[in-house]
Amino acid sequence: MNALGDILPGFSRAIVRGDEPPGQINSAYPKHTVSTAIDVYRNNYLGNLHDALAGAYPVVGQLVGNDFFRRLTRAYIGKNPSRSGNLHHYGEQMAAFIAAFLPAQQLAYLPDVAALEWACHCAYFAEDAGTLDTGKLSRLGQEHYPDLVLVLHPACYMVRSPYPIADIWHAHQPGAPDDFHIDLDGGPCNALVIRNDDSVIVGELDDAIALWLSIIQNGTTLGDATAGTLEKHPDFDLQAGLSRLVSQGVFADFLVKGLP
Amino acid sequence: MENHQKLLSIAIGGLLALGLAGNASAADKKVEMEKCFGVAKAGMNDCSSNKSAHSCAGQATKNNDPMDFVAVPKGTCDKIAGGSLMDSGGMMKKAM
Amino acid sequence: MKSSASHALPCVAGIGLRAPHYREVLQQLPGIGWVEVHSENFFGGGAPLHTLLRVREHYPVSLHGVGMGLASTGPLDPQHLSALARLCDAINPAAVSEHLCWNSSEGTVINDLLPFPYTQAALSYVAARVEQVQEKIGRRLLVENLSSYLSFAHSEMSEGEFLAELSRRTGCGILFDINNLYVNARNLGVDAGAFIRNVPAEAVAEYHLAGYSERAGINEGESCLVDTHNNPVYPEVWRLYEDALRHIGVRPTLIEWDADIPALPVLLAEAAQAQSRMERCCECVG
Numbered sequence: 001m002n003a004l005g006d007i008l009p010g011f012s013r014a015i016v017r018g019d020e021p022p023g024q025i026n027s028a029y030p031k032h033t034v035s036t037a038i039d040v041y042r043n044n045y046l047g048n049l050h051d052a053l054a055g056a057y058p059v060v061g062q063l064v065g066n067d068f069f070r071r072l073t074r075a076y077i078g079k080n081p082s083r084s085g086n087l088h089h090y091g092e093q094m095a096a097f098i099a100a101f102l103p104a105q106q107l108a109y110l111p112d113v114a115a116l117e118w119a120c121h122c123a124y125f126a127e128d129a130g131t132l133d134t135g136k137l138s139r140l141g142q143e144h145y146p147d148l149v150l151v152l153h154p155a156c157y158m159v160r161s162p163y164p165i166a167d168i169w170h171a172h173q174p175g176a177p178d179d180f181h182i183d184l185d186g187g188p189c190n191a192l193v194i195r196n197d198d199s200v201i202v203g204e205l206d207d208a209i210a211l212w213l214s215i216i217q218n219g220t221t222l223g224d225a226t227a228g229t230l231e232k233h234p235d236f237d238l239q240a241g242l243s244r245l246v247s248q249g250v251f252a253d254f255l256v257k258g259l260p
Numbered sequence: 001m002e003n004h005q006k007l008l009s010i011a012i013g014g015l016l017a018l019g020l021a022g023n024a025s026a027a028d029k030k031v032e033m034e035k036c037f038g039v040a041k042a043g044m045n046d047c048s049s050n051k052s053a054h055s056c057a058g059q060a061t062k063n064n065d066p067m068d069f070v071a072v073p074k075g076t077c078d079k080i081a082g083g084s085l086m087d088s089g090g091m092m093k094k095a096m
Numbered sequence: 001m002k003s004s005a006s007h008a009l010p011c012v013a014g015i016g017l018r019a020p021h022y023r024e025v026l027q028q029l030p031g032i033g034w035v036e037v038h039s040e041n042f043f044g045g046g047a048p049l050h051t052l053l054r055v056r057e058h059y060p061v062s063l064h065g066v067g068m069g070l071a072s073t074g075p076l077d078p079q080h081l082s083a084l085a086r087l088c089d090a091i092n093p094a095a096v097s098e099h100l101c102w103n104s105s106e107g108t109v110i111n112d113l114l115p116f117p118y119t120q121a122a123l124s125y126v127a128a129r130v131e132q133v134q135e136k137i138g139r140r141l142l143v144e145n146l147s148s149y150l151s152f153a154h155s156e157m158s159e160g161e162f163l164a165e166l167s168r169r170t171g172c173g174i175l176f177d178i179n180n181l182y183v184n185a186r187n188l189g190v191d192a193g194a195f196i197r198n199v200p201a202e203a204v205a206e207y208h209l210a211g212y213s214e215r216a217g218i219n220e221g222e223s224c225l226v227d228t229h230n231n232p233v234y235p236e237v238w239r240l241y242e243d244a245l246r247h248i249g250v251r252p253t254l255i256e257w258d259a260d261i262p263a264l265p266v267l268l269a270e271a272a273q274a275q276s277r278m279e280r281c282c283e284c285v286g
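Chains as they are written, first to last, in our numbering: chain H, 1 to 260; chain A, 1 to 96; chain X, 1 to 286.
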């Protein structure tokens, strides 16, 4: 415990919950009261978190409009305190929160759009890593191929949805035409988020390669992931899928299970 | 498993034949017609006091704001349509 | 510590570099003495870090943290500390700074810069944490005085005295924000002259300048200066800066502008104003 433990919790609750400020805080100043001071801090607290959410969820913001988005963020902030001194970490629970947020129930696709935006946000700030070294791979004996474990790049994410979330995302990027119409029955979407030349890119995968990648993401070996995918998609084209994903820098490295 | 061994060899053989340079080739980049965002995202952390007197505060001293239930989305969502739009799972009261 | 040089930043004016100006600065490479950025915006990799590495090729960079919470009640966030250390290693900054504040209590982070009572017990506590940061990043830390909107009845010393003693105990430098001191003088009745006269000159390693705005309070007739960084430096703050130059000396000086960010030439003109005051002061001392 430390010297400040008797005062900061009360100060914090005054800002966050509107509780009575602790008595150790001076009550009057030359031109303002302690209530105004707490109000300035509360405005900073709510405003900074709102701005962080607006930065992470620009598409959700456009979809629902400013007023609704402000209500959404206010409700979110009330239920999800910040846990990091870095505002870029704030907002991770938004997809789940929207899914349970009654006023947004009509927009059934909104949680998945939020999940895609969070993936893009994380991809933007993710650590750097190399891409799969095919030279090293070429020196590996073929007998080891089934035991390959492919390591995903930290800036690579996949978001799967029954709604066309990649189309929705693209329609809301700067420079996209305003006069779009998206049919929600356009089918499911396996959105792939990658970072290329510092840009975050959203693409789509077909169901077979998306299933395969989701198994690979769990750390399953190449042999088992491929067998598992072929069971559901007998026409799965591993060669095409693997070439595409490797060329897009989806993998950072590989290990061989059982080898040091 | 032998089958798969052959399949894996072909797939990785194809990958290696594409070129040992490994990284995204020019051809692949051309395929990338997808929109992207890069240098523009603003950093959110700064050391100024929030200037917006949109005062989130004041009105917000308590949680569980009942206003939530009268909020209506008014954005580009009206350009997204389809059978599933009105399907709220049948469990939820219609909010509007 | 790898570097204990007290003037690693060039002793000239610099600007806070923010996202709207990255492209222009990198394309035109205007004559700027040095730039300062907010550390947390460059944690991780990708575009932010790569942009900063390019900036670093042309300008000395100062890393200014807003999220460490030196006075928070819980342990320092190890993830945050490691991210700062990695960024320092990547950028090799000319200075690293944090604020004399707290930002978290009982697990809830308030992403703001919050004041605390300046007591002996708090001094020992914060000093240990400053040492922890300095050890982790392998560099001297500069600690900045705060804009505050309230104060504590049981403070045992002024903020200036607290910073002076903190510096004596830990070897940390002082980042003296002139605008913050002015805001506190007006809002809280802090004695700005005493701060300037009593701060240990040799510990002051950098000045900050910015513009505040005045906000009405919640009751009729109340008002409060808020440290919004969205205006030019006010004449009273320039005067206080001149006092500091005379009493403390010329130090690297930053123009901070974080909201309603103006065109780059406006920012550079503000920096030029600071520069000309620094040079006038040098002349009068020499």
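Just to be clear, a hint being listed does not mean it is correct.
Derived, one-sided and incomplete: chain X residues facing chain H with beta-carbon distance under 8 Å [said to hold, decoys possible]:
no. : residue
1   : Ala47
2   : Thr108
3   : Ala121
4   : Glu222
5   : Ser276
Calculated lysine-lysine pairs in the DSSO-like style (CA-CA distance at most 27 Å, straight line) [claimed, not checked]:
no. : chain 1 : residue 1 : chain 2 : residue 2
6   : H       : Lys257    : A       : Lys74
7   : H       : Lys257    : H       : Lys232
8   : A       : Lys74     : H       : Lys232
9   : A       : Lys74     : H       : Lys79
10  : A       : Lys6      : H       : Lys136
Okay, the calculated beta carbon distance ranges per label pair [to be verified]:
no. : chain 1 : residue 1 : chain 2 : residue 2 : range
11  : H       : Lys232    : X       : Gly107    : 23 to 31 Å
12  : H       : Gly23     : X       : Ser124    : 17 to 25 Å
13  : A       : Ser9      : X       : His58     : 21 to 29 Å
Since the hints were made in silico from the structure, they are not lab data. Just so you know, even glycine gets a beta-carbon here, dropped at the ideal spot from N, CA and C.
Under the criterion of a CB-CB separation shorter than 8 Å, is alanine 47 of chain X in contact with chain H as hinted? Hint holds; alanine 47 of chain X Cβ to chain H Cβ min 4 Å, cut 8 Å.
Are the Cα positions of lysine 74 of chain A and lysine 232 of chain H separated by 27 Å at most? Violated, because 41 Å separates the two Cα atoms, which is more than 27 Å.
Closest C-beta approach of glutamate 222 of chain X to chain H relative to 8 Å, hint status: holds, 5 Å
Would you check the hint for lysine 74 of chain A and lysine 79 of chain H, treating anything up to 27 Å between C-alpha atoms as holding? Holds. Lysine 74 of chain A to lysine 79 of chain H sits at ~23 Å (cutoff 27 Å).
If I claimed the Cβ atoms of lysine 232 of chain H and glycine 107 of chain X lie 23 to 31 Å apart, would that claim hold in this structure? The hinted range 23 to 31 Å is violated for lysine 232 of chain H and glycine 107 of chain X, with Cβ atoms some 43 Å apart.
Is the hinted pair lysine 257 of chain H and lysine 74 of chain A satisfied, with a Cα-Cα distance of at most 27 Å? violated, 52 Å
Take the C-beta atom of serine 9 of chain A and the C-beta atom of histidine 58 of chain X, compute their distance, and say whether it sits inside 21 to 29 Å. violated, 50 Å
Given a cut of 8 Å on the nearest C-beta pair, is the interface hint for alanine 121 of chain X held or broken against chain H? holds, 3 Å
With a cut-off of 8 Å, does the beta carbon of threonine 108 of chain X approach a beta carbon of chain H closely enough for the hint to hold? holds, 4 Å
Given the hint that lysine 257 of chain H pairs with lysine 232 of chain H, does the C-alpha gap stay at or below 27 Å? With Cα atoms ~24 Å apart, lysine 257 of chain H and lysine 232 of chain H stay inside 27 Å; holds.
Lysine 6 of chain A and lysine 136 of chain H were given as a pair; does the straight-line alpha-carbon distance stay at or below 27 Å? Roughly 20 Å separates the two Cα atoms, so the pair holds.
Could one say that the CB atoms of glycine 23 of chain H and serine 124 of chain X fall in the range 17 to 25 Å? Given a distance of about 24 Å, which is inside 17 to 25 Å, the answer is holds.
Comparing the model with each numbered hint stated earlier shows that hints 5, 6, 8, 11 and 13 do not hold.
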